[in-house]
Amino acid sequence: GAGVSQTPSNKVTEKGKYVELRCDPISGHTALYWYRQSLGQGPEFLIYFQGTGAADDSGLPNDRFFAVRPEGSVSTLKIQRTERGDSAVYLCASSLRGQSNSPLHFGNGTRLTVT
Amino acid sequence: QKEVEQDPGPLSVPEGAIVSLNCTYSNSAFQYFMWYRQYSRKGPELLMYTYSSGNKEDGRFTAQVDKSSKYISLFIRDSQPSDSATYLCAMTTNTGGFKTIFGAGTRLFVKA
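Line order of the protein sequences matches chains A and B. The numbers in this note's numbering rise by one with no breaks, and the one at position 100 of the first sequence is 100. Count along the second sequence from 1, add 1000, and you get the number used in this note's numbering.
Please keep in mind that the hints were generated in silico from the structure rather than gathered at the bench. Model, not experiment: these values are computed from the prediction. Glycine residues also receive a C-beta, built at the ideal position from the N, C-alpha and C atoms. Careful: at least some of the hints might be erroneous.
Pair by pair, the computed Cβ-Cβ distance ranges are [claimed, not checked]:
no. : chain 1 : residue 1 : chain 2 : residue 2 : range
1   : B       : Pro1014   : A       : Glu71     : 48 to 54 Å
2   : A       : Tyr18     : B       : Gly1059   : 43 to 49 Å
3   : A       : Arg97     : B       : Gln1080   : 29 to 35 Å
4   : A       : Val12     : B       : Asp1007   : 28 to 34 Å
5   : B       : Gln1080   : A       : Asp63     : 42 to 48 Å
6   : A       : Thr13     : B       : Gly1059   : 27 to 33 Å
Calculated pairs, BS3-like style, for lysine-lysine (alpha carbon to alpha carbon, straight line, at most 27 Å) [said to hold, decoys possible]:
no. : chain 1 : residue 1 : chain 2 : residue 2
7   : B       : Lys1042   : A       : Lys11
8   : B       : Lys1042   : B       : Lys1002
9   : A       : Lys15     : B       : Lys1042
10  : B       : Lys1042   : A       : Lys78
11  : A       : Lys78     : A       : Lys17
12  : B       : Lys1070   : B       : Lys1111
13  : B       : Lys1099   : B       : Lys1070
14  : B       : Lys1002   : B       : Lys1111
15  : B       : Lys1111   : B       : Lys1067
16  : B       : Lys1099   : A       : Lys78
17  : B       : Lys1056   : B       : Lys1099
18  : B       : Lys1099   : B       : Lys1111
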């Protein structure tokens, strides 16, 4: 079956611009997560959705970052006024249930470069 | 101090060697422990998943958890060049479970 799909796979933008990153989770998975991975580091938690609502957004670094999941399936991560420090791979993951015994299934990420 | 510590390597071994990868952690509330494999420019893929202390074996892979020492390990037997990747340990608590914490990853190279 289809895995987690993320688009675009690469995004280059200028400092100060707005970007949107899209995630299409595995069908039937109720939980959706966004992580950010910098070079040489492990994924860092950003936000978690259970259904349509953000159950935990404590990992979002500041108010320039926002994510939505309006219909409980596809999610969009939005970054305003991008900064060079936002350059990283943004990973989306989904799981069958938002519980500890429901491991994450990742997409291949969007590589964001802010010039 | 990070919640999860993992030696970034790189670790280089000859084909057929036994590989040992390790992580330590500080949060005693972690109950679920995972190992993910990540190839270059790909997302992490789940390799092993264990609950609490003990061993779990799956083919050439064995995961060990020692909660008393806050130490987890992944062993790879008969390593192959296709095992060359970054290995990430990850863990969650048994409440909520929505925030999986990852180690920095260990880069492994298996030489033919």
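Hint-by-hint comparison with the structure:
Checked against the given bound of 48 to 54 Å, the beta carbons of Pro1014(B) and Glu71(A), roughly 51 Å apart, stay inside it. The supplied range of 43 to 49 Å is met by Tyr18(A) and Gly1059(B), whose beta-carbon atoms lie about 46 Å from each other. A C-beta distance of roughly 34 Å is found between Arg97(A) and Gln1080(B), which places it inside the suggested range of 29 to 35 Å. At roughly 33 Å, the beta-carbon separation of Val12(A) and Asp1007(B) lies within the given 28 to 34 Å, and the hint holds.
Between Gln1080(B) and Asp63(A) the CB atoms are about 47 Å apart, so this pair conforms to the stated range of 42 to 48 Å. Checking the proposed 27 to 33 Å range against Thr13(A) and Gly1059(B) shows it is violated: the Cβ atoms sit about 43 Å from each other. Restraint check for Lys1042(B) and Lys11(A): satisfied, since their Cα atoms lie roughly 16 Å apart, inside the 27 Å limit. With a C-alpha separation of about 25 Å, the suggested pair Lys1042(B) and Lys1002(B) falls inside the 27 Å cut-off, and the hint holds.
Proposed proximity of Lys15(A) and Lys1042(B) is supported: the alpha carbons are some 26 Å apart, at most 27 Å. For a cut-off of 27 Å, the pair hint linking Lys1042(B) to Lys78(A) stands: about 22 Å separates their Cα positions. This hinted pair checks out: Lys78(A) and Lys17(A) have alpha carbons roughly 11 Å apart, not beyond 27 Å. With a CA separation close to 31 Å, the supplied pair Lys1070(B) and Lys1111(B) exceeds the 27 Å bound.
With a CA separation close to 19 Å, the supplied pair Lys1099(B) and Lys1070(B) stays within the 27 Å bound. Between Lys1002(B) and Lys1111(B) the alpha-carbon distance is near 31 Å, which puts this suggested pair outside the 27 Å criterion. For the given pair, Lys1111(B) sits about 33 Å from Lys1067(B) by alpha-carbon distance, which is inconsistent with the 27 Å threshold. For the suggested pair Lys1099(B) and Lys78(A), the alpha carbons sit about 20 Å apart, so the restraint of at most 27 Å is met.
For a cut-off of 27 Å, the pair hint linking Lys1056(B) to Lys1099(B) stands: about 23 Å separates their Cα positions. Taking the CA atoms of Lys1099(B) and Lys1111(B), the gap is about 35 Å. The hint is violated against a cut of 27 Å.
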